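Enquirer: The chain contents come next:
2 protein chains.
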Amino acid sequence: MRVDTEYTAGACKTMTVETICVGSEILLGNIVNTNAAFLAAQYTALGFNTFYQTVVGDNAERIKDCVRLALSRSELVVLSGGLGPTQDDITKDAVAELLGRSLVRDETAVYRIHEFFEKRGRRMSENNLRQALVIEGGKVLDNDNGLAPGVLVHLSGEERDQVGNRDFADQLILLLPGPPEELERMWKEKAAPYLQKLSGRVIASSMVKACGRGESEVAELLDDLIRGTGDVTVAPYARTGEVHLRVTAAGTDEKDAKQRIRPVVKEIKSRLGDSVYTTHEETSLEQSVVELLKANELTITTAESCTGGMIASRLVNVSGVSDVFKAGYVTYSNKAKRKLLGVKRKTLEKFGAVSADVVRQMAEGAAFYAKSDVSVAVSGIAGPGGGTEDKPVGLVYIAVNICGMITVEEYHFSGDRMKVRNSTTAYALILLRRCILEYYSRLTFGEEERG
Amino acid sequence: MRVDTEYTAGACKTMTVETICVGSEILLGNIVNTNAAFLAAQYTALGFNTFYQTVVGDNAERIKDCVRLALSRSELVVLSGGLGPTQDDITKDAVAELLGRSLVRDETAVYRIHEFFEKRGRRMSENNLRQALVIEGGKVLDNDNGLAPGVLVHLSGEERDQVGNRDFADQLILLLPGPPEELERMWKEKAAPYLQKLSGRVIASSMVKACGRGESEVAELLDDLIRGTGDVTVAPYARTGEVHLRVTAAGTDEKDAKQRIRPVVKEIKSRLGDSVYTTHEETSLEQSVVELLKANELTITTAESCTGGMIASRLVNVSGVSDVFKAGYVTYSNKAKRKLLGVKRKTLEKFGAVSADVVRQMAEGAAFYAKSDVSVAVSGIAGPGGGTEDKPVGLVYIAVNICGMITVEEYHFSGDRMKVRNSTTAYALILLRRCILEYYSRLTFGEEERG
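First to last, the sequence lines map onto chains A and B.
Numbering-wise, the first sequence is residues 54 to 504 according to our numbering.
Numbering-wise, the second sequence is residues 54 to 504 according to our numbering.
Some clues are possibly wrong.
Chain copies aren't distinguished; within one or between two, either way the pair holds.
To be verified - For lysine-lysine, the following DSSO-like pairs were computed, each having C-alpha atoms within a straight-line distance of at most 30 Å: (1) Lys-424 x Lys-403; (2) Lys-424 x Lys-347; (3) Lys-172 x Lys-472; (4) Lys-241 x Lys-403.
Note that these hints are calculated values from the structure, not bench results.
Only a predicted model underlies this, so the values are computations on that prediction, with no experimental measurement involved.
Work the whole structure out from these sequences, hints included.
Expert: See below:
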């Protein structure tokens with residue numbers, strides 16, 4: 054299979070950046086701070102350094118303390134949250150006060166807020182216009198997914214003497230909205246391009262996604278690359294059943310940076326072989342499986358016991374899957390396995406529902422009844438109950454049927470019910486991918502050399 | 054339906070606590086910081102105050118700076134991560150150095166580490182014994198889910214003069230392991246009970262979970278309670294289709310604290326009515342639905358289009374669901390809707406797959422073919438493609454069939470493909486619950502008064 058490499062690149066300085074997330078709902082444990090993780094990954098992709106993340110509640114004095122501390126050690130301070138319409142939303146006020154600047158209305162934001170309420174026929178309160186306030190002298194970042202604009206402020210020399218750090222050539226504060234869909238879009242479309250334009254070195258980064266190998270195995274195979282030779286960094290990110298590798302390099306221009314990355318990506322692909330399923334940032338494992346099915350004009354059916362629909366659900370994550378996805382069966386009970394998939398009563402009695410023989414029949418029945426070329430079937434003991442000495446919690450069988458050629462594998466997963474089910478789902482997709490690749494490499498041996 | 058109230062209670066001081074999560078993998082955006090959210094929710098349940106969360110990398114100087122700052126403003130500093138066997142794991146070293154204490158081997162931990170490697174027949178490296186080190190004079194918290202023990206240190210007067218804050222009667226540092234399953238268990242079983250024993254006021258808390266009402270609607274209905282009358286706090290947590298309310302009160306003893314909570318929980322239940330599905334901390338919406346099915350001896354079948362198995366998967370989250378769960382059909386294509394569920398070709402042609410008529414037939418067919426009492430069917434446009442002016446992205450139909458009595462509802466959800474599918478799944482469970490309750494309240498009118 055040929056895998057194209059996609060690059061994320063742009064001109065940007067190697068900045069030291071730190072994140073301050075504002076919101077009492079994070080301190081109460083109401084929500085998980087996904088914004089901090091999103092921003093952190095974005096910094097890594099741009100080659101920024103980051104040493105701290107802070108969360109603080111909706112309290113002006115504490116927000117100011119945090120910003121002051123961050124400015125003492127970082128070039129760019131990114132705040133998220135607290136730009137909304139309520140009296141609790143005071144991030145802009147606190148930052149403006151710290152800098153001694155005033156807040157002014159942004160007319161584009163005022164217009165968008167009026168338009169929003171008019172369209173919905175709802176009454177706008179005076180509070181809603183608070184969202185249109187921005188810090189004087191700051192660059193306004195329009196919010197295309199919500200009402201509160203973002204602001205990016207370059208600190209003046211005087212401000213840096215008072216609350217910043219003169220060791221840096223420049224210092225910036227960036228205010229982003231709290232809702233993830235607003236923050237992510239504003240970062241990607243407005244903030245990141247601007248920060249990149251601040252010139253300096255050019256950073257390019259590329260993603261290599263591999264499946265079916267453990268994190269430690271990948272770390273061992275790529276040990277020298279991960280430890281780094283200097284100008285190209287390789288950072289592994291573990292996911293269930295997958296390892297994602299971000300390759301980043303700096304260069305004199307985009308072409309130069311990309312040229313430094315290319316041989317490293319090639320080297321990773323050669324060492325990890327077929328387990329690399331994509332080098333595209335946005336491509337998920339399920340998407341690569343669906344593409345593989347489409348490319349080979351195969352239709353698929355799922356037959357699930359312990360995963361209860363999770364494999365089908367991941368395939369349906371892929372928009373436009375209807376071309377290949379025939380049907381999905383959730384057969385949690387023995388009766389359903391018999392009635393819907395034609396599993397034999399005798400086989401269930403002799404080997405039990407969690408057995409190689411039963412998943413094999415499930416895979417056969419699923420493809421037969423739904424008239425599909427391919428099927429995947431799983432049966433396992435997800436726990437907490439149901440385990441025995443012979444068949445402990447975590448024992449899972451997965452069968453893949455490609456045009457009648459059936460592969461059955463036994464797995465032992467650890468963790469709680471949800472973790473076992475997640476692992477089962479991931480490894481079902483991984484086995485599915487491996488079986489399709491093997492089936493076609495047998496049919497068309499030699500052709501793969503082109504890749 | 055009768056809902057029992059479960060209490061979490063214990064004796065504990067109202068402490069000011071702050072969290073420092075150590076780990077470069079968080080700063081790289083490799084993982085989402087769920088530990089901080091878990092601990093935050095636990096602090097809230099115990100009535101602790103918390104004003105800051107920090108994330109710092111595996112760097113001794115920076116860790117020490119963060120701990121010093123935290124000790125200047127908090128009574129209890131909880132650190133998570135960096136207790137592992139590698140050279141990067143330096144949290145204990147940094148804290149010991151800051152306090153001027155040494156590290157000593159904990160013999161229980163040494164024994165457990167030896168045992169772990171022996172059982173697996175693996176060779177233990179000297180590095181692994183680093184995990185058995187604890188801070189001298191600290192209380193050791195055994196790790197029942199892993200190898201690195203936790204440590205809880207009371208600062209001496211001298212230490213507090215040097216790096217702490219004498220305004221507090223006492224100051225503590227708690228070190229917890231980074232892996233969530235180790236951290237959570239150690240907190241619940243070892244750390245929280247000890248902190249509670251430090252005496253002072255008694256805190257009790259209780260959880261009320263409601264579904265099918267928006268966050269703003271709940272906030273409005275409970276406005277006076279959420280704003281608070283003083284000694285009982287009500288904190289709302291929004292989830293997809295749900296609002297969870299944590300009710301917390303302090304009292305002279307456990308009985309007193311519980312007595313303060315009881316009338317508030319009762320008041321919330323009376324104002325939110327049937328939308329309250331549980332007052333048990335651990336009960337999920339799918340679990341309450343499964344219990345409702347079991348209580349009424351009903352079996353269920355799912356028929357899913359855009360959710361692709363997510364509803365079945367949530368039901369299968371519930372251990373022991375096999376008593377009630379007959380089967381699940383994932384019928385994403387029109388053909389599958391016809392073949393597996395008997396939806397009429399004419400209906401599909403006339404009204405389209407996303408229509409009230411089609412989900413009705415899906416619900417009828419699912420119950421008929423799987424011979425179940427109840428069925429739930431969904432069909433919708435999850436996007437990003439497939440929307441039209443008449444049928445925009447986010448339009449979803451859900452049908453529930455209780456013994457032949459069919460309810461169909463139309464929904465308009467916002468957000469991306471995943472968000473629309475998540476909302477659809479949640480509202481399918483909510484409609485299912487509502488229809489079962491209504492069905493039985495019709496049959497046994499008057500009986501509900503006992504609740």
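Enquirer: Does each hint fit the structure? Answer for all of them.
Expert: Each hint, compared with the structure:
1. Lys-424 x Lys-403: both (28 Å within a copy, 26 Å between copies)
2. Lys-424 x Lys-347: Within one copy, since 16 Å is at most 30 Å while 35 Å is not.
3. Lys-172 x Lys-472: So Lys-172 and Lys-472 pass the 30 Å test across copies only (23 Å; inside, 45 Å).
4. Lys-241 x Lys-403: neither (57 Å within a copy, 43 Å between copies)
Going through the hint list in order, the structure does not satisfy hint 4, though it satisfies all others.
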